[in-house]
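So the protein lines, in turn, are chains A and B.
Under full-length UniProt numbering, the first residue of the first sequence is numbered 1, with each subsequent residue one higher.
Under full-length UniProt numbering, the first residue of the second sequence is numbered 1, with each subsequent residue one higher.
Bear in mind the hints are in silico, worked out from the structure with no lab data behind them.
Errors might be hidden in some of the hints.
Stated by the list, open to error - Counterexamples of contact, computed for chain B against chain A with all Cβ distances above 10 Å:
hint	residue
1	K34
2	E38
3	L94
4	N96
5	K146
6	I165
7	H166
8	K245
9	P282
10	I297
11	P302
12	K304
13	L314
Unchecked claim - Distance windows between CB atoms, simulated:
hint	chain 1	residue 1	chain 2	residue 2	range
14	B	K109	A	E318	44 to 52 Å
15	A	P311	B	K171	25 to 33 Å
16	A	N23	B	Q227	42 to 50 Å
17	A	K146	B	H46	24 to 32 Å
18	B	T3	A	Q220	50 to 58 Å
19	A	N23	B	D213	34 to 42 Å
20	B	D228	A	K306	33 to 41 Å
21	B	S14	A	E37	42 to 50 Å
Quantities reported herein were computed from a predicted structural model and do not represent experimental measurements.
No residue lacks a Cβ here, since even glycine has one placed at the ideal position from N, Cα and C.
2 protein chains.
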Amino acid sequence: MTTIRDVAKLAQVSVATVSRALNHSGYVRESTQKKVEEAAKTLNFHPNEVARSLYQKKSKLIGLLLPDITNPFFPAIAKGVEDSVNKRGYSLLLGNVEENPEKENDYLKIFAQNNVAGVVSAVQGNTAKMKDMPFVLLDRVTNNQKYAVHSDDFLGGTLAAQAVIHRRPKKIVIMVGPQNVASSLVRLAGSEQVLKEYKLSYERFQTPSFQSDLAEETAQDFFKQHQDADTVIASNDVYALAVMKEASKRGLKIPEDFQIIGYDDMSFSRMMYPGLTTISQPAYEIGYQGAELLCDILEKKPIKKKHIQLPVTLKLRESLREKGSL
Amino acid sequence: MTTIRDVAKLAQVSVATVSRALNHSGYVRESTQKKVEEAAKTLNFHPNEVARSLYQKKSKLIGLLLPDITNPFFPAIAKGVEDSVNKRGYSLLLGNVEENPEKENDYLKIFAQNNVAGVVSAVQGNTAKMKDMPFVLLDRVTNNQKYAVHSDDFLGGTLAAQAVIHRRPKKIVIMVGPQNVASSLVRLAGSEQVLKEYKLSYERFQTPSFQSDLAEETAQDFFKQHQDADTVIASNDVYALAVMKEASKRGLKIPEDFQIIGYDDMSFSRMMYPGLTTISQPAYEIGYQGAELLCDILEKKPIKKKHIQLPVTLKLRESLREKGSL
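Construct the entire structure; sequences and hints are all you get.
Given below as structure tokens:
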């Protein structure tokens with residue numbers, strides 16, 4: 001097996017210089033850097049990550065916590081995270097938490113055992129548990145977190161309400177996201193502000209969970225509680241699709257009898273017919289920028305913004321009526 | 001920091017016994033095992049994975065290669081893999097290859113650098129590259145692989161064709177999956193056998209890729225080439241949905257004017273209306289059993305079956321017409 005000594009010998013530099021060059025740590029003259037990289041390439045030398053990790057007390061691994069890998073919003077985030085960390089020389093340890101605090105604890109333990117350099121988490125958990133690890137929170141963010149990337153939930157809530165008010169709503173129902181997800185309440189506040197301003201009455205339906213596998217059951221409950229709803233501001237796209245399907249099964253025509261707006265803009269919302277109108281969150285960008293922020297922290301680069309807020313936009317498709325008088 | 005010596009002291013056994021007990025390697029009396037586990041718990045002792053990995057020359061990490069994390073079929077596989085490996089004490093390093101051989105190479109290098117114990121791959125790649133690592137292939141499998149879990153593609157192809165023949169097809173088009181994915185051709189053979197047996201004519205459309213982000217473009221190409229198609233056997237669910245949407249946009253009523261059957265049964269195929277009839281592959285089960293097989297190999301357990309083939313089933317929904325005469 002090729003060792004760092006072989007590389008040093010071929011490049012005619014010291015072992016310490018090879019280490020600095022290949023780890024991009026400390027000063028190395030540009031010409032030397034090139035020589036070392038060429039020597040490493042020639043000898044097919046890849047520093048062993050495990051030995052390096054033990055020596056440096058941290059690895060080139062980053063832990064990724066997702067609340068639900070079967071909701072397409074999160075694979076899109078994961079893809080953004082992955083593209084960033086790979087470019088910067090890290091790899092991802094996957095943790096799919098499924099809104100299960102016990103699983104979250106288990107993963108944090110596993111991450112610690114593997115000396116991860118840091119954690120990117122889209123799970124709104126007890127971040128106190130991560131106190132020894134650099135981490136960046138994505139999406140489900142509250143104010144008291146140090147590093148976070150999320151989209152503008154209040155704006156999203158107002159955009160969703162503004163989208164329905166001019167489309168002849170008869171009975172508006174807001175599907176409120178789970179109470180333990182901070183962004184749910186911020187979106188609700190945004191929507192309520194608009195509806196109150198326009199003096200439109202509305203009802204609320206509490207979505208118990210964001211788990212994909214509960215969506216169909218929840219859609220049935222929705223219609224039991226709100227048989228006469230004709231305009232729905234849904235908690236996310238997965239739940240909007242389930243409610244839309246249940247409406248169709250009940251013989252309601254979309255959007256004439258029943259109109260709905262989702263939240264997230266996952267790829268499937270565009271791919272069905274009628275297409276789901278929704279608030280687009282930049283999932284890939286949230287993941288990418290969150291990972292960039294973490295890498296900057298790990299590499300002790302200057303941090304310009306600790307809380308990054310990305311814009312959301314309305315995607316109008318066929319699930320809302322044409323605009324008409326109020 | 002708590003060390004293995006502290007645990008040994010509290011449990012009143014030797015360090016070697018603690019190591020055997022916590023690593024589940026070698027004989028440990030049941031009562032001793034319990035004493036050690038309790039001591040480790042009391043002292044909040046977690047063996048450092050990195051040190052263990054360097055010593056044992058392999059880690060408790062398993063690499064997972066996926067072709068496209070944004071196709072919901074693969075997160076479902078990933079969930080199965082994850083549930084199995086976690087139960088057996090391993091963690092997952094994620095590699096999303098996106099049908100890019102260069103990315104696959106990069107991941108295999110990263111996996112090697114991290115001393116992964118083995119690899120589970122749903123990418124049909126050049127497995128020769130993995131010769132030094134135990135690996136199990138999922139889904140996109142050819143016969144010359146040593147360990148594999150997949151579903152019965154030929155059966156799937158026949159079921160898809162049998163589902164359409166009694167539903168008054170006028171012009172059948174088979175969307176053939178990418179040529180470099182072995183299962184595409186096996187499914188095609190299954191469908192063709194049935195159609196030939198019933199002396200039904202059909203045409204073929206070559207799907208250039210399985211990448212989700214090319215589905216809409218491909219659906220438009222499909223209708224340019226096959227304007228008069230009224231019955232489609234699609235290459236997978238993502239592409240079936242894209243074609244179904246394009247048909248609806250062209251004013252075709254589903255299933256009266258245009259009927260279609262998919263392949264995979266991802267969760268969204270059930271959640272739209274009309275629901276997509278499809279061939280259900282047990283994605284979670286493929287992932288779970290593949291990971292179990294790999295763990296058995298790593299733990300040198302007896303291997304009952306090196307190639308596991310799981311059944312597929314027809315899921316009838318609204319995208320096909322009612323049965324009628326041929």
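Verification of the supplied hints:
1. K34: For K34 of chain B, whose nearest Cβ neighbour in chain A is about 20 Å away, the distance exceeds 10 Å, so it holds.
2. E38: E38 of chain B is indeed farther than 10 Å from all Cβ atoms of chain A, at 17 Å.
3. L94: 4 Å, violated
4. N96: Violated, because the least Cβ-Cβ distance between N96 of chain B and chain A comes to about 6 Å, which does not exceed 10 Å.
5. K146: 25 Å, holds
6. I165: Non-interface label stands for I165 of chain B: nearest chain A Cβ at 26 Å, farther than 10 Å.
7. H166: 25 Å, holds
8. K245: At roughly 5 Å from the nearest Cβ of chain A, K245 of chain B sits no farther out than 10 Å, so the non-interface label is violated.
9. P282: 15 Å, holds
10. I297: Non-interface label on I297 of chain B holds, nearest chain A Cβ at 21 Å vs cutoff 10 Å.
11. P302: Label holds. Min Cβ-Cβ 28 Å, cutoff 10 Å.
12. K304: Answer for K304 of chain B: holds, closest chain A Cβ roughly 28 Å.
13. L314: 20 Å, holds
14. B:K109 / A:E318: 44 to 52 Å: Cβ of K109 of chain B to Cβ of E318 of chain A: about 46 Å, so the range 44 to 52 Å holds.
15. A:P311 / B:K171: 25 to 33 Å: 46 Å, violated
16. A:N23 / B:Q227: 42 to 50 Å: 59 Å, violated
17. A:K146 / B:H46: 24 to 32 Å: At roughly 25 Å between Cβ atoms, H46 of chain B and K146 of chain A fall inside 24 to 32 Å, so the hint holds.
18. B:T3 / A:Q220: 50 to 58 Å: 55 Å, holds
19. A:N23 / B:D213: 34 to 42 Å: 35 Å, holds
20. B:D228 / A:K306: 33 to 41 Å: Cβ of D228 of chain B to Cβ of K306 of chain A: about 59 Å, so the range 33 to 41 Å is violated.
21. B:S14 / A:E37: 42 to 50 Å: 47 Å, holds
This entry does not satisfy hints 3, 4, 8, 15, 16 and 20, going by the numbered hints stated previously.
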